[in-house]
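Participant: Residue numbers (our numbering), protein chains in the order written: chain A, 1 to 444; chain B, 445 to 799; chain C, 800 to 1016; chain D, 1017 to 1168.
Honestly, the hints are just simulated from the structure, not real lab data. All values reported here derive from a predicted model rather than from experimental measurement. We put the CB at the ideal spot given by N, CA and C, even for glycine. The reader is advised that the hints may include incorrect statements.
[Unchecked claim] Derived DEER-like restraints, expressed as beta-carbon distance ranges:
| hint | chain 1 | residue 1 | chain 2 | residue 2 | range |
| --- | --- | --- | --- | --- | --- |
| 1 | A | Ile20 | B | Arg785 | 41 to 47 Å |
| 2 | B | Ser728 | D | Pro1036 | 21 to 27 Å |
| 3 | B | Leu537 | D | Pro1036 | 41 to 47 Å |
| 4 | D | Ala1099 | C | Ala925 | 54 to 60 Å |
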Amino acid sequence: MSVDNAAFRDFRESLERLGIDTPSEVISDEERVRRAKQTFMDKLDGRMAVDLTTCVHCGMCAEACHFYEATQDEKYAPVHKFEPLRRFYRRELSPMRWLFRPFTRDITAQDLETWQELVYDACTGCGRCDMMCPMGIRLSTLINVMRQGLASAGLVPAELQALQNEQRDSDTVFGVGAGKLREVIDRLGRQGIEIPLDKDQAEVLVLTTAVEVLLFSDALAATAKILNRLGADWTMLSQGFEAANIGLVSGDEVTQKRATAKIVEQAKACGARTVILPESGHAYQALRWEGANVLGEVLPFEVLAMSEFIAREIDAGRLKLKSPANGSSVTYHDPCRLGRHGGVIEQPRQVLKALGLDFREADSNGRENFCCGGGCGEYVIKRSAPLRQKAFEIKKREFDETGADTVITSCANCRINLMIGADNAGWQKPVESLVEKVAASLAE
Amino acid sequence: MRKHQTLGVYLHAQGVSRRAFLKFCSATASLMALPPSAAAQVAAALAAARRPSVIWLSFQECTGCTESLTRSHAPTLESLIFDAISLDYHHTLQAASGESAEAARIAAMEENEGEYLLVVDGSIPLGNPGYSTIAGMSNLDMLRETAGGAAAIIAVGTCAAFGGIPHASPNPTGAVSVSEIITDKPIVNVSGCPPIPVVITGVLAHFLTFGTLPDLDHLGRPVAFFGQNIHDRCYRRPFYERGQFAHTFDDEGARKGWCLYELGCKGPTTYNACATLKWNEGTSYPIASGHGCLGCSEPDFWDKGSFYTPISAGLWGSRETLIGAAAAGAALGVGSALAARARKKKARAAEEAES
Amino acid sequence: MTLLDFARGPALQWSLIILVFGVLWQLLGTILIGVKKDLSKPRRNTAVRDGLATIATRSLPEHQFEKKIRFQHFSGYAWHVALFIAVLFSAPHILFFESVLGFGWPHLPNGIILVTAAIALAILFALVIRRLSHPVQRLISNADDYISVIVVIVPLVTGMLASAHIGARYETLLAIHFLSVEALFVWFPFGKLMHTALTFPSRFRAGAAFGRRGVKA
Amino acid sequence: MTSLDGIAVKVESATGNVEPLLHEIRHALKRVADGKEGTVIDLRSLPLAPGEEERIEAFLGEGEVRAELDTFGATVFQETSYAGVWLVTHRNMKQAVLTRFIEVTRTPELLKSQRADIERGISRLEDALAASSKVERSRRESVAGQEIKDSG
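Take these sequences, add in the hints, and give me the full structure.
Facilitator: Have a look at this one:
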């Protein structure tokens, strides 16, 4: 069901072409370093300063990282991934900077280039190390500052840079604009699934992502079915449907802010009190937790992930489900930015329980879950494919250990990455969407 | 006793039996902290020893050292050894006075040029020479003159050995020890305030017995007596190991005779024989009497803080300096944080301008 | 002035001045850089409770991670506990603290202190060997790590020697012990030993930040 | 001592030196039994807590022989209840203890008559004998003279 194999092949092929013709900006080494440092200076805050000072170099964070776990290569130790940032801090921002400066090597363009691989190819910002650190250091936020600095220095990997440029310049991702959305909505309409588009006013604004439009339209259909069943006053907007935020993952603040502003503007215009995000981890982080902060204003609506919304409606007794006939066994993969970074951990489990499925928890789960291996835009970087595949083996082993027939998740990116990993490994277990599972079990 | 007689001949002439002499020798060996088996060696050496001339000079002192020696159990072994030397000058003890006393000193120096022992108690003022004089002669001049022909010098008491109480801060007379003035003669420091009398006689006995000075530690003190600290030889040491301490002078621990470390005992850093030789005819010593060691045989013992400050406590200045340092650190911290904020603000503005 | 007088007097005073001065400089200079107010709507308003919980829970074994870090975890516990016992409950130390702070507390017998100090030392050596041999730790270690470990090892060793009166005269051992601790004081504000002061604030903030998103950190 | 007893000081100290000392004595005694050299232990060279010396004394007890030497004050040789273990106490003329030794030997060296003293004794004896024979002779001579006188 749910995934069109031909569409999946096309999508994988388009990924192969991504970034090939992205013009690379010509920047001198000095300028790269200057820009990176300027961003570091802007982004490093007092909390990060405390973290950088309190680190005792115990190296335990390595044990949390799926890339270290998969390769045992010491350079993938999370603490090592922000080493240039630590040096920058000691030289330029720490209270003892003038004391440390003579003893701390300055960062060079070479450093930045070396670290590009470590922070883009070998870190998905999953934050598992944040949970491990005995000092309470939030390593993922420090690595994110590294990404932001590298983005300023023009060192985003070409594939991600291409996506970022596209969203920054034309507000589309993977070429999915209003036309493509309408096409899908029309197709679904013909199947009897009605999606209200561009209503002037609506209680609920529903967003989707390019990946959903291209690959997982069943998930979009499922969302529509559920909202329609609830009789919600909802709409999608052809000028503000894209929940994906490439700026967040590439580290480019301008793109991030622009993508967020667009959603907020549209939501305000239609008077939405609730904005429902599609199955996407980073979209949740971008709007739910960072939206207000990048815009510098409190958002005038509540932001819910679809899984969170469903759980609430079930809990309130508004959404009734029937048990699936076969009672197949499932396990749930927590998307990092929904679970560990987002706090949506219990809700999907409540939903699975309500579906009456034989739910089996994997060895790592919830706040300690292992990343799918391709988050934070990493799955588009061709160079990192072998590394991702090694990390996928961890997921595969854990999923197999549960004995569950199906892997359920609630993030299109996780889903794609797991599917690519499975495809490469010849692994047969289906990776499905939570929303689709719910839509398929709506009580008559 | 004629000066060039051997001690053996002298004692024999006095009708002292060989057995009595051996008793004397084993007691002497014991007081020199030699093993009992050394008694025979001591006997042989002493029998052949010649009677040395001794000149005793007292400078800035309280006569406590002389008192310690002479008020000990006389007539005793110590006095016997004292008898065995020819004390030619000691202005407190000698009968002669005035010019005849000084004449005795000059005579002894001339007669025993290069062979006499010089004993000094008290420190020497280097401030105004008039601070301390004998027969119109400053201590410094008298020491230099008398030391010139001495075979060796015994600095008795902490004043002579290390400057002692006159040397204590602010040292108004500019008092110094013998060794700070005389550098070309062997000097034995018998420190203590006062020194244990048998230690004084022990050193004399050693000189008498072997004609040499005993082995000295890095402060010029005889290792035999100053080789171990009070703490290591203290009978209260087991309490220290068990962590049983008296906290005040009248608490349960004090009554039970527990360790006095917390009450400022300087035993661990004080090298002397008090814990084994004891005082008052072997009766007791300060710790046995319930008071911590003051460390009187160590240099500058008067200036090392309160006698009642434990040695593991710091002798640091004042809480005010620390509060000052804290205030300065806090100011610098706040200042650098404000500077960091300013730099961040600038970077932020530049970021926004460039994007 | 003897070495001990120097160690107990001016060296102690200056090292304490540097310690207090440096710690406040580092602490305030770091924390006061400031954090932007988070404008997102919190899932729950329990920041203080979550922060405090994380301070506690990061000291507990965690199920998911425990199997991989058991050695470091328990050696870390043992090292810190042994160090604290040796530092805080040795009678001479309490007298020292009393001279600085103005109050004291009960102590443990010398033998127990020596054993715990020996345990602390053994663990520290094991951790140093790990740092020198484990690829990750070797990669991420810098001069600070090695200086910090040395300024901690030396006081432990000299303290044990002074307490057992082995190796030199007591006052020399005591002076060296004092001086080594003073070296620790002087280094403290400038290196990773500051984790002593910053770990709990760091954990608190992590707990509060994750807590407002509804995640137990 | 009565006034000191009034103060409630109860010293519970033990240096731990007593038992090792007693063992040392046992070993020394075995050596003497094997015909080897004796041993002298200077009690002043050991740190002892108040009462410990008395404990040693009480442990060793008193044996068959007690000898006293009277020169520069009294010296007492007390064989302990263990034959071959002697407690030797040297006192000065004021009866104060100078030194105390435990001698493990058949006879303490100082108790034996010394060669020099024996030699001096011989000469004194000879002198005394000579003096006494001179007296005898003169007495005899005077008696003989009287007899001559009487017979004359």
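Participant: Determine for every hint whether it applies to the structure shown.
Facilitator: Structure-based check of all given hints:
1. Taking the beta carbon of each, Ile20(A) and Arg785(B) are about 44 Å apart, inside 41 to 47 Å as hinted.
2. Distance hint for Ser728(B) and Pro1036(D): a CB-CB separation of about 24 Å, consistent with the stated range 21 to 27 Å.
3. Our hint of 41 to 47 Å for Leu537(B) and Pro1036(D) holds, since their Cβ atoms are close to 44 Å apart.
4. Between Ala1099(D) and Ala925(C) the beta carbon distance is about 58 Å. The supplied range of 54 to 60 Å therefore holds.
Taken one by one, the earlier hints all hold for this structure without exception.
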